[in-house]
Amino acid sequence: ELKVEQNPLFLSMQEGKNYTIYCNYSTTSDRLYWYRQDPGKSLESLFVLLSNGAVKQEGRLMASLDTKARLSTLHITAAVHDLSATYFCAVAPPWRGGSEKLVFGKGTKLTVNP
Amino acid sequence: EAGVTQFPSHSVIEKGQTVTLRCDPISGHDNLYWYRRVMGKEIKFLLHFVKESKQDESGMPNNRFLAERTGGTYSTLKVQPAELEDSGVYFCASRLRDREGEQYFGPGTRLTVT
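Residue numbers (the numbering used here), protein chains in the order written: chain S, 876 to 989; chain W, 0 to 113.
Calculated from the structure, these hints are not laboratory results. The reader is advised that the hints may include incorrect statements.
[Said to hold, decoys possible] Pairwise CB distance ranges (calculated):
(1) Phe6/W <-> Met888/S: 14 to 20 Å
(2) Leu884/S <-> Gln79/W: 31 to 37 Å
(3) Gly71/W <-> Asn882/S: 45 to 51 Å
(4) Asn988/S <-> Lys53/W: 20 to 26 Å
(5) Thr902/S <-> Thr111/W: 46 to 52 Å
[Stated by the list, open to error] Residues from chain W that keep clear of chain S, each with C-beta distances beyond 10 Å, as calculated:
(6) Gly2
(7) Val3
(8) His28
(9) Lys40
(10) Lys43
(11) Ser57
(12) Tyr73
(13) Glu84
(14) Glu101
Since the model is a prediction, treat every value here as computed from it, not as a measurement. Backbone N, C-alpha and C fix where the C-beta goes; we use that ideal spot for every residue, glycine too.
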């Protein structure tokens, strides 16, 4: 059974600082997603990582994937208040012609303080 | 292009009552998913439709939950009778027929059973 562990669950950081959120998963996966959720809003897709060594960057966020270690990281550079949100990683099991049901981590609630 | 919409945004009902949640996917998306997040836990898969057919309903907790997608457009999720442990946020997501496409999430319906 695929399990996804995300840490930390809560992260309070100052503006301008760097930090990393970790996502470990237990079995082989086809792809890994990072989502952002603001309170009362939809889960917004940030990154889709498909292969070992994949690295994607958007603004102050950079995501990477190591399929051998079954680990993805979401790195925050020089945090700003607007990045305050809950971040989820989600893993898709290998495609076998069935449903691409995502398995989520518990989420990391990020608060960026001035 | 309109995103995934869900109705209602909040629902408070008493134990034993019935509630019906609705999801309107992005137009043209054949795949529709329901997920649920119980307080403090992960977002968990409930079921997956391809058009009007249930592709995978392995995550449905019990027979008090009934999902339909008549005509392959919007979907409803009925809980009857509701129990306290059904409280949580119910998310809907949709995806194009191509398995490479990502899932787009709605804002969720927060259900509180008292």
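Problem set entry | Beta-carbon spacing of Leu884/S to Gln79/W - inside the hinted bounds 31 to 37 Å or not | For Leu884/S and Gln79/W the Cβ distance comes to about 33 Å; the hint holds.
Problem set entry | Assertion that Tyr73/W lies farther than 10 Å from chain S (Cβ) | The assertion about Tyr73/W holds, with a minimum of 17 Å to chain S.
Problem set entry | Assessment of proposed distance window 45 to 51 Å (beta carbons of Gly71/W, Asn882/S) | violated (40 Å)
For this session: Take a quick look at Glu101/W and tell me if its Cβ sits farther than 10 Å from every Cβ on chain S, holds or violated.
Result: violated (6 Å)
Exercise. Falls inside 14 to 20 Å, the C-beta gap from Phe6/W to Met888/S?
Worked result: violated (36 Å)
For this session: Please settle this one: Glu84/W was flagged as non-interface, so is its CB more than 10 Å from every CB on chain S?
Result: holds (18 Å)
For this session: Confirm or reject the statement that Ser57/W sits farther than 10 Å, beta carbon to beta carbon, from all of chain S.
Result: violated (8 Å)
Exercise. Is the Cβ of Lys40/W more than 10 Å away from each Cβ in chain S?
Worked result: violated (7 Å)
Exercise. Can the suggested window of 20 to 26 Å be confirmed for the beta-carbon pair Asn988/S and Lys53/W?
Worked result: violated (46 Å)
Exercise. Checking the smallest CB distance to chain S, is Lys43/W really beyond 10 Å?
Worked result: violated (7 Å)
For this session: Evaluate the condition: distance from the CB of Val3/W to the nearest CB of chain S exceeds 10 Å.
Result: violated (7 Å)
Exercise. Is the Cβ of His28/W more than 10 Å away from each Cβ in chain S?
Worked result: The claim holds: His28/W sits with its nearest Cβ about 13 Å from chain S, beyond 10 Å.
When held up to the earlier numbered hints, the structure conflicts with 1, 3, 4, 5, 6, 7, 9, 10, 11 and 14 and fits the remainder.
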